[in-house]
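Novice: The opening position of the sequence shown corresponds to residue 3 in this note's numbering, with each subsequent residue numbered one higher.
These are calculated hints, taken from the structure and not from any lab test. Here the structure is a predicted model, which is why all the values come from computation and not from measurement. Do not rely on the hints blindly, as some may be mistaken.
Claimed, not checked - Computed list of lysine-lysine pairs in PhoX-like fashion (alpha-carbon distance at most 25 Å, straight line):
(1) K42 with K29
(2) K155 with K185
(3) K185 with K164
(4) K84 with K42
(5) K42 with K164
(6) K84 with K29
(7) K84 with K155
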Amino acid sequence: MSERVKSDMGAAVAALDYDAELMLRVKDGDGASFGVLLEKHRSSVVHFLFRMVQNHPIAEELAQEVFLRVYRSRSSYEPTAKFTTWLFRIATHLALNALRDGKNERSQERLDDDSSDLPVRQISDSHPSIEQFMVYQARLDEVRRAVATLPDKQRAAVLMHKYEEMEYSQIARVLNCSESAVKSLLFRAYETLRARLAHMA
3 MSERVKSDMG
13 AAVAALDYDA
23 ELMLRVKDGD
33 GASFGVLLEK
43 HRSSVVHFLF
53 RMVQNHPIAE
63 ELAQEVFLRV
73 YRSRSSYEPT
83 AKFTTWLFRI
93 ATHLALNALR
103 DGKNERSQER
113 LDDDSSDLPV
123 RQISDSHPSI
133 EQFMVYQARL
143 DEVRRAVATL
153 PDKQRAAVLM
163 HKYEEMEYSQ
173 IARVLNCSES
183 AVKSLLFRAY
193 ETLRARLAHM
203 A
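Using the sequences and the hints, build the whole thing.
Specialist: Spelled out as structure tokens, the structure:
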């Protein structure tokens, strides 16, 4: 009976989450579905990892490891949560480990790497002056650096909340903590950012 309930629950989650459905196909041996998942999520995973570790080559390497782990875990996969929650749990775990292991080995080229983070969003003026562009770029870099200085778990919570638009419940699952703990992490992180970036208000 419990197996049937588990099966029904999995089917219900898969119905709500197309990614989970694709992963179930991967579990059944459909390699093409893994290609779809890889193509769909690779960019957001790389960007998340880069914002965490502040180093492009390491972010790329970690992203490969994330998807390698996803593929290796296919036979035991159960859609008990959104696929992206599971995916970012793996990515966050690897990023936190990398930060812990290589805290003192981080490249000093972080500032050079910043420019290749994400495509710069266009300023609303269709013909911004070079001064406007430079001010905009400087503000963007300052925000990015402020986020990068947050404690690792706070940074991960902010990146998932602000950039990936994940809900508190998803972030809690990823970080393996309660929703109230996530709210506390975010509150402290946003208070710190507000203080550091007050001059930009």
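Novice: Could you run down the list of hints and mark each one as holding or not?
Specialist: The hints, checked one at a time:
1. K42 with K29: At roughly 18 Å apart (the allowed maximum being 25 Å), K29 and K42 satisfy the hint.
2. K155 with K185: 12 Å, holds
3. K185 with K164: This hinted pair holds, its Cα atoms lying about 13 Å apart.
4. K84 with K42: Answer holds: K84 to K42 is near 15 Å, not above 25 Å.
5. K42 with K164: Holds, at about 19 Å.
6. K84 with K29: Answer holds: K84 to K29 is near 16 Å, not above 25 Å.
7. K84 with K155: It holds: about 21 Å lies between the C-alpha atoms, which stays within 25 Å.
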